[in-house]
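Engineer: The chain contents come next:
Number of protein chains: 2
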Amino acid sequence: MTAAIDLLSRIRIVLVATSHPGNVGAAARAMFTMGLTRLVLVSPRRFPDPEAVALATGATSVLDGATVLGTLDEAIAGCALAIGLSARPREFAGRVLAMRDAAMEAVVTAPHGDIAFVFGSEMSGLSNAELARCALVATIPANPDYASLNLAAAVQVVAYELRVAATGGDVWRAPRFAPATADEIEALFANGERTLIAMRILNPEMPKKLLPRLRRLFARAGLEKEEVNILRGIVARIDQLIARREP
Amino acid sequence: MTAAIDLLSRIRIVLVATSHPGNVGAAARAMFTMGLTRLVLVSPRRFPDPEAVALATGATSVLDGATVLGTLDEAIAGCALAIGLSARPREFAGRVLAMRDAAMEAVVTAPHGDIAFVFGSEMSGLSNAELARCALVATIPANPDYASLNLAAAVQVVAYELRVAATGGDVWRAPRFAPATADEIEALFANGERTLIAMRILNPEMPKKLLPRLRRLFARAGLEKEEVNILRGIVARIDQLIARREP
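Residue numbers (my numbering), protein chains in the order written: chain V, 275 to 521; chain A, 275 to 521.
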């Protein structure tokens, strides 16, 4: 995990010529949710700005630490790799990768230095001249009829892919309680089978697929000790009901 | 590609109890960028609303087609699978998947009917009771210290993963021009080697790794016919310069 976090600390998110400070704040929030912290702004129209702070919510530390520079060259100086985002095809693009592959490229290059992901302005994206400064073009798969992701939304997808590439996409797991043992499960099925026969749901002369299907259902769920107890309680109660009716 | 688009048309995005119409608009835009169109709103505080339209930009058709319902049960009625999003661990969650795996689950279930992805309110997410209505919990890998994605940003990541799962993540490709033939490339290297020797950059008695490294560089790039012509022009010009100096 330490190596993964080191890798995320190598990433610079570079926003060129943003118009709306709200987008800068939302981009900072998007970065921080994925563990990215290094924001570089090239000639923003308005920054700092209270609208950026409002949209950053809990990620104002990213805004506070942002670097403001005058040119893209300064923003990517010293980077081992600069990757420009572009939604639309460019005639002179060298190497173009889908964002997922670009994230893997970032992972393998990070040991050699910083990696910049470069985003153009809200209205027109990166110019061809700006994109030519980037060794690689990354693109986010999108609806060909409407590929216009909001700037912060694009940063969210990029940051998300970087986190998954860096950490393997660890998430919280469903809580696990004590699993039932094989013999507890077999006792439940044995008891259940007798009861199903008594209920006339299962015909032992023509059992069809009923028991295999029930086994499959519970196998998929993965029975816990407590659940086997609940189910045996239900079966026992049915047995009582049948016994009462019969005499 | 048709099958993939059919699959995306099976997806309902269900937003429960949204507070801010701007988020609904931004979520509609996020959906449409990935080719999703079916938005279901459960008890939104304000809808329709001009702020939603403003933030939807080119995706107002998604807002126009949105269904507004009173309960989550109505919203997921008839679905083959309802998947609830949750950033934080829940004690009674059954099956929890990272969003990428949840998207694959949606792909394999879609032939059986609609799939709902259910999002809770901006402030508190889905309640335990709402999450219990969902057969599966999906979670977006995030910074454990700040996992608070904006609602529309979360919709963007979910829609993006669904698009990649459905279509394989097709993107635009770098333009390809006529590639150089093997003999054109060999002629360039033969000429280049002679010139490097004449320039005293390459010592034929001790060639080291210079030529293999140059070959590797151009092999990675994948030389085009036009590029070989440019390079041969440069080599020829160097030959002229050397010839002029020598007498």
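Some clues are possibly wrong.
Identical chains share a label here; the pair holds if one copy fits it or two copies do between them.
In the SDA-like style, the derived pairs of lysine to any residue whose C-alpha atoms are separated by at most 20 Å in a straight line are [to be verified]:
no.	residue 1	residue 2
1	Lys-499	Thr-455
2	Lys-482	Arg-468
3	Lys-483	Glu-500
4	Lys-482	Asp-444
5	Lys-483	Arg-518
6	Lys-499	Thr-345
7	Lys-499	Phe-366
8	Lys-483	Gly-296
9	Lys-483	Arg-286
10	Lys-499	Arg-369
11	Lys-483	Ala-351
12	Lys-499	Glu-365
13	Lys-499	Ala-367
14	Lys-483	Arg-519
15	Lys-499	Gly-368
16	Lys-482	Glu-348
None of these hints come from the bench; they were simulated from the model. Remember, predicted model here, so these are calculated numbers, not experimental data.
Engineer: Would you mind marking each hint as holding or not holding in the structure?
Structural biologist: Against the structure, the hints:
no. : hint              : in the structure
1   : Lys-499 x Thr-455 : within (7 Å within a copy, 69 Å between copies)
2   : Lys-482 x Arg-468 : within (15 Å within a copy, 82 Å between copies)
3   : Lys-483 x Glu-500 : neither (27 Å within a copy, 68 Å between copies)
4   : Lys-482 x Asp-444 : neither (42 Å within a copy, 46 Å between copies)
5   : Lys-483 x Arg-518 : neither (29 Å within a copy, 92 Å between copies)
6   : Lys-499 x Thr-345 : neither (64 Å within a copy, 35 Å between copies)
7   : Lys-499 x Phe-366 : between (63 Å within a copy, 15 Å between copies)
8   : Lys-483 x Gly-296 : neither (60 Å within a copy, 53 Å between copies)
9   : Lys-483 x Arg-286 : neither (58 Å within a copy, 34 Å between copies)
10  : Lys-499 x Arg-369 : between (55 Å within a copy, 17 Å between copies)
11  : Lys-483 x Ala-351 : neither (68 Å within a copy, 29 Å between copies)
12  : Lys-499 x Glu-365 : between (63 Å within a copy, 17 Å between copies)
13  : Lys-499 x Ala-367 : between (59 Å within a copy, 17 Å between copies)
14  : Lys-483 x Arg-519 : neither (28 Å within a copy, 93 Å between copies)
15  : Lys-499 x Gly-368 : between (59 Å within a copy, 15 Å between copies)
16  : Lys-482 x Glu-348 : neither (73 Å within a copy, 36 Å between copies)
The earlier numbered hints that this structure contradicts are 3, 4, 5, 6, 8, 9, 11, 14 and 16.
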